[in-house]
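**Q** Residues per chain, in single letters:
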Amino acid sequence: MTIATASASTWRERRVLPGFGLTLGFTTLYLSVIVLIPLAALMLRPWTLGWDGFWSTITAPRVLAALKFSFGAAAIAAAANSVFGFVVAWSLVRYRFPLKRFLDALVDLPFALPTAVAGIALCTLYAPNGWLGAPLMKVGLKVAYTPPGVVVALIFIGLPFVVRTLEPVISELGPEAEEASATLGATRMQTFFRVIFPALAPALITGTALAFARAVGEYGSVIFIAGNLPMVSEIAPLLIVIKLEQFNYAGAAAIGVVMLLASFAIIFALNAFQSFLASRR
Amino acid sequence: MRAATEDHPITKLALSTATVGLIVLFLVLPLITVFSNALAKGFGEAFAALRDPDALSAIELTVETALIVVPLNALFGICAAWAITKHQFPGKGVLVTLIDMPFSVSPVIAGLIFMLLFGMQGWLGPWLRDHDIKIVFALPGIVLATAFVSFPFVARELIPLMADQGSDEEQAAVSLGATGLQTFLRVTLPNIKWGLLYGVLLCNARAMGEFGAVSVVSGHIRGLTNTMPLQVEVLYNDYQFVGAFAVASVLAMLAIVTLIVKSFLEWRYADEIAAAHRH
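Each protein sequence line maps, in turn, to chains A and B. If you're matching positions, the first sequence starts at 6 in my numbering and goes up one per residue. If you're matching positions, the second sequence starts at 3 in my numbering and goes up one per residue.
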């Protein structure tokens, strides 16, 4: 009898580690204070304008232009990054060349370099008298202070997302499928498009979507090079800042809600896409 | 003859060249630009720019903010990982998703949300003004916005790591009579220390370098609420390029040190940081 009680209590102690209430309590409290309550304040604020006020704020020509520009530039940069990121990830995993480790470590630079630093560096580089800006001007391409400048900054900021998502998938891609394909008489090109690319496509889509989501909301690396001309090269986050400076909090919140819902939609779609793929395996 | 699974030498050469070209064009050149512009008028000018009182107070504010935010986010990361990986409870998946949320929020929105709470026209704005409490345009607002943007780093590093490690060792310690704190300090912490350092490193880099969120809540009061990235902006917009790039190069050096330590941890302690970073 006593033995049974003792073993039962030992079993209970073995199963439950201490500190659950304390750690979960602090986690929930800190999450609420830093993230949840402030985001709730954002979701609730635009409605002080009423639905009509909200709608007229986000459909005002300048706001619509900024939203279109932010999403459009982010889409172009993400498309470019899907190609650039693929080339970089493939070469870094599959090939050998000098300074490879060093270059691989550098890919994370946009994650580590403060965005304002990246912003002034890119702006100086692509300015009409800059190292890259001057030769580009000679061939008639103006990059700094124009929409293409924004795309350049967004490519910078998004590249590591694609590379870092693809690299582990490429290195886990065993040689068996490629060998089988070659044995069955496929050319290298056929093997690539029919065997390798389909295996990498989900990671490529994930990385590109992450780069896109990051680019839509990017601020620091963009505002210096953008020129910030209303209706032309003004990004939506900058319009939020402008509305705040005019004490139009509800207007700023309205744009914020649209951007927030858009990025949650991207993340949600991505998760749905990944669980769809997982369920097919 | 080359193996059937190897690319044609011309493909190899073309893609490797493109890779080096892309990395030099998009990553190396901007980095060189920072240092070369900082030193455009010599070391003397660059160091003089860093000794400017506004620059010094920006450095001080940045370090101060990081010293508050990084330990808080690290403590949060440890608590969240302990609760999530060592216990079973309903709603765990939702909690993990919520912890990652700040990464999908624009930095400007991260600043905006604290303006909506504590700004003049914010919900608590009038009450705070009546009681003479300053949150936005002061250190507390900068700390909150920075904490938001660097929120998930430690937690998302520790959760997969501690989930991988399981809780057998902790259960053994507890059954031998160790208290919760003893178990954590003597059993869990030694197992996760490199992962924790990795998370803290990334959290710190983001905390010290944050621009958008802090820019919204800081009010840009010179010598008072400008962090280093904001000081970079102020100087740059004033056409004080040497000063702007001098402060920027301190931040760039921080980024380089971060990358070096990060690569070292990934190489040396691959098994002791989360699986996601092992190449």
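Heads up, some of the hints might be wrong.
To be verified - Derived CB-CB ranges, DEER-like: (1) B:129 with A:274: 46 to 54 angstroms; (2) B:166 with A:145: 53 to 61 angstroms; (3) B:131 with A:177: 39 to 47 angstroms; (4) A:67 with B:122: 36 to 44 angstroms; (5) A:177 with B:167: 18 to 26 angstroms.
These are computed hints drawn from the structure, not numbers from a lab. All C-beta atoms in this analysis are idealised placements derived from N, C-alpha and C, irrespective of residue type, glycine included.
**Q** So, for every hint listed, does it hold in this structure?
**A** Hints and how they fare:
With their beta carbons about 40 angstroms apart, residue 129 of chain B and residue 274 of chain A fall outside the hinted range of 46 to 54 angstroms. Taking the beta carbon of each, residue 166 of chain B and residue 145 of chain A are about 55 angstroms apart, inside 53 to 61 angstroms as hinted. Hint check: residue 131 of chain B to residue 177 of chain A, Cβ distance near 57 angstroms, so the stated range 39 to 47 angstroms is violated. A C-beta distance of roughly 24 angstroms is found between residue 67 of chain A and residue 122 of chain B, which places it outside the suggested range of 36 to 44 angstroms.
Distance hint check: the CB atoms of residue 177 of chain A and residue 167 of chain B are about 22 angstroms apart, consistent with the given range 18 to 26 angstroms.
Figure legend: structure checked against the earlier numbered hints; hints not met, in rising order: 1, 3, 4.
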